[in-house]
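S.K.: As they're listed, the protein sequences go chains G and U.
The numbering of the first sequence is our numbering, which starts it at 411 and goes up by one.
The numbering of the second sequence is our numbering, which starts it at 7 and goes up by one.
These aren't lab readings, by the way, just hints derived from the structure by calculation.
Every value quoted in this text rests on a predicted model; they were computed, and no experiment measured them.
Hints may contain errors.
To be verified - Partner residues are not named here, just some residues of chain G that face chain U (Cβ under 10 angstroms, in silico):
1) Met433
2) Gly459
3) Val500
Claimed, not checked - Only pairs whose alpha carbons sit at most 27 angstroms apart, straight line, appear in this in silico DSS-like list of lysine-lysine:
4) U/Lys399 - G/Lys515
5) G/Lys506 - U/Lys559
6) G/Lys525 - U/Lys559
What the hints assert, rightly or not - Partner residues are not named here, just some residues of chain G that face chain U (Cβ under 10 angstroms, in silico):
7) Lys413
8) Lys414
9) Ile425
10) Tyr467
11) Gly470
12) Thr477
13) Thr478
14) Leu479
15) Pro501
16) Thr503
17) Lys505
18) Asp526
A virtual CB, placed ideally from N, CA and C, is assigned to each residue, including glycine.
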Amino acid sequence: MSKKTVRVSLSALVIVGALSFLMYSSISEGAEYYKYVDEVMAEPAQWEGKRLRVHGYVLGDPLFNPTTLEYRFTIQANGKTVNAMYQGVVPDTFKKDAEVVVKGKLNGDTITVEKDGIMAKCPSRYEADALPAAVR
Amino acid sequence: MATLGTFLILAAFVVAAGAFAAGIAGGRRRSLALTDGAVGLSHVLTGLTLVLSSIIVYAFVVGDYSIKYVNSYSDSAMPLFFKLTSYWGGLDGSLLFWVTLLAIFASVAIHVNRERHRLLIPWVVAVIAATQMFFLFLMVIHNNPFETHLFSTPADGRGLNPLLQNFYMIIHPPMLYLGFVGMTIPFAFGLAALITGQLDDSWLRAVRRWTMTSWLFLSLGLALGGLWAYEELGWGGYWGWDPVENAGLLPWFTATAFLHSVMVQERRGMLKVWNVSLVIMTFFLTIFGTFMTRSGIVQSVHAFGEDRELAWMFTVFMIVILTVSFGLVIWRMPLLRARNELDSWASREAAFLANNWILLFSAFFVLFATMFPTISEALRGERLTVGPPFFDKWMLPIGLMLLLLTGIGPLLAWRKSAMSNMLHQFLWPAILGVVTTGVVMYLGANFWAAGLCFGLCAWVFTTIVQEFWRGSGVRQRATGTDRFTAMIGLFARSRRRYAGYIVHLGIVLIFFGFAGNGFKLEEQINLEPGQEVAIGDYVVKYDALKVTNDAQKQMITGHTTVTKEGAALGGMYPARWFFNGREDEPTTEVAIRRGFADDLYIVLAGYELETQRATFEVTVNPLVNWVWFGFGILGIGTILSLLPERAMAYAAAKSPAGAVTTALLMVFALGAFAPHAHAQHVENPQVVLLVPRSPDEKKARENIICMCGTCGRKRVAECTCGTADVMRQEIAALIAEGKSYDDIVDYYVTKYGSQEVLAAPIDKGFNRLAWFLPYAIGALGILVVGGVAVRWTRRGGDTTAPAAPADTAAHQAREARLDDELRDLD
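Using the sequences provided together with the hints, build the complete structure.
M.R.: Written as structure tokens, this is what we have:
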């Protein structure tokens, strides 16, 4: 290997290394833990205040205050439940029994969902397998 | 039908295998017969896939619901148009569509390059056939689109998801597929070059156009996807860093990098390993993107469902691609040595290198962040996700850096730029860039990046204008014509360069649109009828909630009236549609008022029928239309760059001096005299079309056009916007006053000051000319075209006749070869 090759590969290595480190460190502040309700509620204290994405199903009809746009609902997965509080506009598919992922932080037994933090699974985006039972 | 389809898929697989084997054998033995056989088989395969596509389309049109795929993605009530496009509505059909496109592309590419790249052709056929075999294999054992119901045939299909019944969804997937599939051709040529060791720059010339065409389709596909999301999904944005979107973006980055670095290899003989690696990576990423979205490996709200088996098959295929391709690269490393070295960092090749690194890093970053949940689960057993803010944080500076380089790269000289030259090139752009940033910041950009983005847009824009101005100035002095003619001549002479600038101009406009995001206003509010909300310059007043039905759906519509700085703009009607049979999945029908400065975007987010209260999400999206506009310019630039050289040279040589300027002036003049837009066409789903009460009223409605200015001059009887409704009421009132049809026509002609309001000019006197003119022009055009054609053929005959040699077979071969070479020459 010539001297130049060594120099080029060394500097490439340094740049790639630095960028990877930057990415890794910024990920740890930007990342969210992706958990099912039961995983979170098995040990709620551990998740207190951490950025979470909680996956589960809406239990019962969500309570809605039309003047403040506040939603209060419960999501459940594998037998455990957690309350959630949200203010804002929800997706079309958000309703009773919908499969949702909510983004927010846990305070006690309630998840405070951040703005635009409710994602409801699009039931039949493209695939017929995912069609709701009623249509199938 | 279905049995025939299944049989033909098997047959296609056999033919592909045959083409693969014949290609390899032909390449190894250098046998012309075997190569011809492979080429023939690949054309046969194209025929087979076309037949297969016709069968599935036919099944959709006649509604053969015994086929599962047809049953899942269509129903009898769907319009014919959507039945046709249901073809690619699901995975199985998409695979077939993919193979069909690939086969067509392959046939074209092989035919075009058959003489010029004779040595490469057998290997090209083999590589493409291998890819086709993979997709056909998937269809044979896993996703046969012709699979039928075993027991009972359903009476009707399940219908296509309402979200997909949108204009953009018809053209968006095929565009993306064209882009994805097209990248296979450069890959095949790259591998063939590696295998045969024909690693001079000739294979690059064969693939540059292919890559550019595919890149164009990919760009347009991404833009259309964004437009669809913006109009149909109702969250006020067009890009959400969803894995599905990212899958389309990844190969776009590497293809963009390739289109730049290929110039470095052509000019300076450097970056050979890099270029061939980029081609391989681009192809790999198209397959990887498909894998990522189709196999369920990445969890996403939009992912298409989990499929372990499919995931495994894709993984094996991808491992094969990577080992074979990079194995070949390493094997051929000695042949890929660069002819030159980098002379200076202030050179164009260095700028291109930087651009390549950034683009490659973008691809790497997006890939990493998209796969991060999967990676973290594999490494730490814990699923960590990253959201759009994380992408934004990284891609924002990356995008700005690329924009900066867009201005620098093309202006630097190859090898080394002298300091004085750089000052000459960059002084004005830099001044304007800094001034713009300053002004925007002073005017109150709440976000530093937005200000910087505007500044960089100004910077790149100035470099482009300066290039055109200086270039045309030089040519003007040299040829003695006027400025515009010189500019067109400039274009014809070095088309790649100036078309490239137009593409860059498109990029500038796109970024200009992105920068608008920094000034986005958003309001979520619950209103009673009569209440209003102010946002930016707009005031949105909520009037009422109405429920209506048509054959397909129930519509809940929020009626609002919008004023801007006190001036009434008219009604906007955001709605929810509940399609029959899919009542639990209402679609959001966004009301958008488009404008150059900003879009007003209203979503009916929620409502209570009893109380008439409704929740609205109102967004003001500044400059968003510039993004779409920019993509349009980018497309035009790319097409100009792809046009055959001869066409341009001919146009430039034949047009008399001054013709261009005159033509341009005429276009501008026409633009200036074009009727002024009075209002804007806004679809009002509640408009009720009353039956006309007298023949005169009917006649008036059919002969007077809607004056909203944006519905494309629809007749008042047909237009569904608010303006047309008002006009219909006017007509009704006039009829009630006892006015005749002619009186109504007079009334409107006086009101608008011209016959512009009439669907057709009154047939008398001077106006007869208007009736006659189109026919006259048409006839004249036919005469001119015919005459020119006759002259050309005559001239062609004159020159070739004496030169025709006796040995016609060899002559034809040489001609074909010459044709081939000329086609690729630019």
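S.K.: Any of the earlier hints contradicted here, and which numbers?
M.R.: Hints 2, 6, 7, 10 and 11 are the ones this structure does not satisfy, whereas the remaining hints hold.
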